[in-house]
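Starting from the two chains in their separate frames, assemble the complex, guided by the hints.
The listed protein sequences derive, respectively, from chains A and B. Counted from 1, the first sequence has number 296 at position 303 by the working numbering; the numbering is strictly sequential. In short: position in the second sequence from 1, add 343, done, that's the working numbering.
Zero decoy hints are in this set.
In silico contact screen, one side only, chain B against chain A (beta carbon under 7 angstroms); selected entries:
id : residue
1  : P478
2  : Y502
3  : P508
4  : E513
5  : Q514
6  : G519
7  : L615
8  : A622
9  : A625
10 : A626
Okay, the calculated beta carbon distance ranges per label pair:
id : chain 1 : residue 1 : chain 2 : residue 2 : range
11 : B       : G623      : A       : L92       : 18 to 24 angstroms
12 : A       : A246      : B       : T624      : 25 to 31 angstroms
13 : A       : G83       : B       : D365      : 38 to 44 angstroms
14 : A       : A89       : B       : C382      : 43 to 49 angstroms
15 : B       : R457      : A       : P85       : 51 to 57 angstroms
16 : B       : A617      : A       : R29       : 28 to 34 angstroms
17 : B       : A617      : A       : I79       : 27 to 33 angstroms
The hints are simulated quantities; they were obtained by calculation from the structure and are not laboratory data. Glycine included, each C-beta is placed from N, C-alpha and C at the ideal position.
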Amino acid sequence: MSRTRQRRGEQLMVPRAEFESYYGRPIIHAPSWAARDIAGYFFLGGLAGAGSVLAAGAQLTGRPRTATAMKVSSLAAVSLSAAALIHDLGRPGRFANMLRVFKPTSPMSMGSWLLSAYGPAAGAAALSAVTGRMPRAGATATVGAALLGPALASYTAVLAADTAVPAWHGAHRELPYLFTASATAAASGMALIVAPTRESGPARCAAVLAAAAESVVTEAAERRLGLVAETWREGRAGTLMRTARALTLAGAATAALAGGRSRPAALVGGLALLAGSVCTRFGVFAAGIASAEDPKYTVLPQRNGV
Amino acid sequence: MTDRHLLSGPEPDPARDAGHPDPPERVGFFTDTSVCIGCKACEVACKEWNAIPEDGMPLSGMSYDNTQGLGASTWRHVAFIEQKVPAPEGRTELSLIEGAPAAPEPPQAPGDMRWLMSSDVCKHCTHAACLDVCPTGSLFRTEFGTVVVQEDICNGCGYCVPACPYGVIEQRPHDGRAFKCTMCYDRLGAGQEPACAKACPTQSIQFGPLDELRERATLRVDQLHEQGVERAHLYGHDPQDGVGGDGAFFLLLDQPEVYGLPPDPVVTTRDLPAMWRHAGTAALSLAGSIALAFALAGRTKEAR
Ligand code: SF4
Ligand code: SF4
Ligand code: SF4
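One chain only, chain B, in its complex shape (with noise of 0.2 angstroms):
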């Protein structure tokens, strides 16, 4: 028994574990929700690149988000929280990347409302629950370390919806096939970006390879803790956690779970070994109690 094994914990180099012989650096987004102002470009770019099919206009209700969340016909999503500043110092007031910080703005009394926006995305993980339990190998690694859905051979079992720690992928209705985003598999093929991040005029999404993602994403964590702003932490960028590290990772200004994110999601694969163990026991008690019900049922028999 080795210490690594394949279903858990740190991964360094998933495309090669994953059979590509020779793999591109591995690829990913680093999504900075202190920069992203809600525009909804990379929701109508993704969309329009992938040629995702409409959601209806439904009217949701929750803030300025009426698309709710992601699904199969939503690959990148834009949360809008709504939040009472909590104290005086609660409004982060937040620079650029580059440049001078943005013009001081009046300070806020406790009770005053303030807007966080974030982009949300599969996560690409370094260990996919999707890709582990699908029966069929529909989804797979690609050689840039992203995971994605072959629609021509997805059967429609739906296992990778609730398989899926983040709750991004899902069946379309009427079909049963399951979709999510690809990282645009077919642009990073031909050598260009994401088309959401393409799109983003603020650099909140950037896309890249992910170790020069990872010291980018460290240095603007550090650039706002001096600014004060104390709550900023990255999400899903640690190798060691449940899931092997994300693709697809965050800067976040408050809890994961008030944008809608799992706060510490486990690649269930994980304990895989144990539930076999545990059913073969279970198998063999199985067999093992009808045996003894036989032997007792004999025994009274003899008895009567």
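The following block holds chain A by itself, in its conformation from the complex (with noise of 0.2 angstroms):
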């Protein structure tokens, strides 16, 4: 019957249950989506977002080198993500045709609206910023760009949880903090390898409070999700989500005690968080895959009125 019966390995928070199926066989379907193009979505779209966000307070704040550093990261990373999208998709025509109707029940039609909307503003925040040229039409953009980007790094929650694959849906209240905090996470990383030394305060509490809030939730999100929270422990999911802690929480901590003095710190810190984040969008991905591809964690919730 179903494969993951004779897993071996940690005791279980919920006895395992019998049930029956149809010959082991998954349920619902797993999205045939590629990890590395949604996931790697996932990750590329919070980086920007909320390096956007970063960036406009650098520039309020008068961190012009963090600013001007986030703005051409946050441009790369949408200009990746647009990528990854598009070669999910197949073709470069197929992502207009996203654009095709304004479709509110479909994350996927918002997403693409709000990434026709973000990537120009994120662009013109980075080339304004770059060339010095249009500083008024770059400090429009730098603002659009910020007040567009925490949208752009929660909505793919959604995207994940409005489906029936019950390690995604199961978490559909906690999976937008989640991704927040992990994009938080990866954008103050980011800032602590591109942007000068004196000008990393606000990246390293930035990444203290993002680490802080990604253990929290992940915590309540597996309370939530009961039976199917083994699907975020075990197997490649639960490898990626224990290294994901490990190093957001080394990454914040070492950014937080050396970083603001050491510029080698820093830059292990950065890229710690960075890894850290890339390693929580992938395992909440596989996470959903194995919860889509057993029938126990489809039918026993179910059974269970959950």
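Below you can see the structure in the form of structure tokens.
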């Protein structure tokens, strides 16, 4: 029957319940999305979106080099994320087709519109910052990107949660906060890498806030998921989530304790934060696939009336 | 705020609410698995009529089921469940829809085998998650209240695939576009019944106005209960359920999951308003925490 029955190892929070299924076959279809494209898209969208907020903050508080660096990083991230999306669709023309309709019940439709508003804003902000031309338009674009950025970081959680995938839909309340915390960790990590140490105070604070929030939210999501939390803790997803937590906490701690004095420490901390955010997104993605492929995670929660 | 919203709950007239000004009666399938003989005429008729590509010849080792499940190239799927009979009365003896009960079979001892057969199909949900999430409008509600994909508009994004709580719709490999049962939209338009219903020799697949099918199904369940088949029950018939009722519903002789069906599916867009609210709050908290970080950092700088 189901493959996971034979899995060895750790003590489970919820005892494995017996259930029936059709030859152990999955009940729902797992998404055919490639992890690299879609989990990568989640990460890059978050990095870009939260980065735009950091950039605007740096600009407002007189940290010009951080502002410019983060605008460039956001433009790069959003360009790569669009590339990942198009790679997943197969053809560039298909992205244009996404804007055929405006459909609030489809997070993917809303995301496509958001991306096509945010992308140009991030681009204009970066270009103006780098070239020094059209500062007025650049400032407007900076504000625009900072307003749209947080939405770009959080909507991808709705994109994942608005499916029948148990590990995603079951965590639909917590997932947006997890994604924005992870996005904040990534953007502050990037700021620690690209910005001069004397300007990196806010990024260090943000990294600590993000790491704390991510820990709390992950706990809350796993508690809510009950039995399905197994998919967050076991297998490939479990490894990724544990690595994510270790990297994010270590990165934030390094940044907070030494990142203000030592350039190498800032670099190491920043890289750990970025890598932690990557692991979180790939971990959540892998948990979703695992939960879709085992009928147990569809049947038992529904049987128990969750 | 009204109680009734378009994302979940009872929905008496999906076609009209989808913008068809004067729709015909909503139609559907009632699949009575108690009379299915597993002949697969429905699978074949569906493939033939809709010119669906072949699946190859995989041998699954799952009873007599080599089709394995619904997918882009399988719009009807006949499940074969081989079961050990749990109790002496576990063996069900079924009469046909009309006429005399079948000749009584010799009593079966515990440990004997029985077969359940069931022809599965897209449920044409009243609240169809696949349709709700499709970003291109490729999936649409027809005037008959059914759900159809337009292959020339489908973008191959694959969002409908994990959205469907029944695991019905699927993308075709190397193409990316999504396909599923259309309830033979072309035949409906010409006043004909779908190919599977037409081909089924036992009337296991019944097609017609949904209200009429629901009445007929209730009578059939009562009949089976009278004959002592206590496990007979309807699945997907209830407009109060998580998807607002299915346009294709079933009479089953065992738990839904035994047939590979979810026991209590919910259209995920039911929770979409909550999800958007949380996403909004999360976005604000992102902006807020970064603002807070600037405030804290500003202060520490001054302190130094
Ligand atoms: S069963 Fe799945 S594919 Fe069919 S209408 Fe419902 S959600 Fe769509
Ligand atoms: S794969 Fe096609 S039908 Fe499915 S959601 Fe995407 S565009 Fe719509
Ligand atoms: S054609 Fe009818 S009897 Fe034959 S497998 Fe299909 S549903 Fe069963």
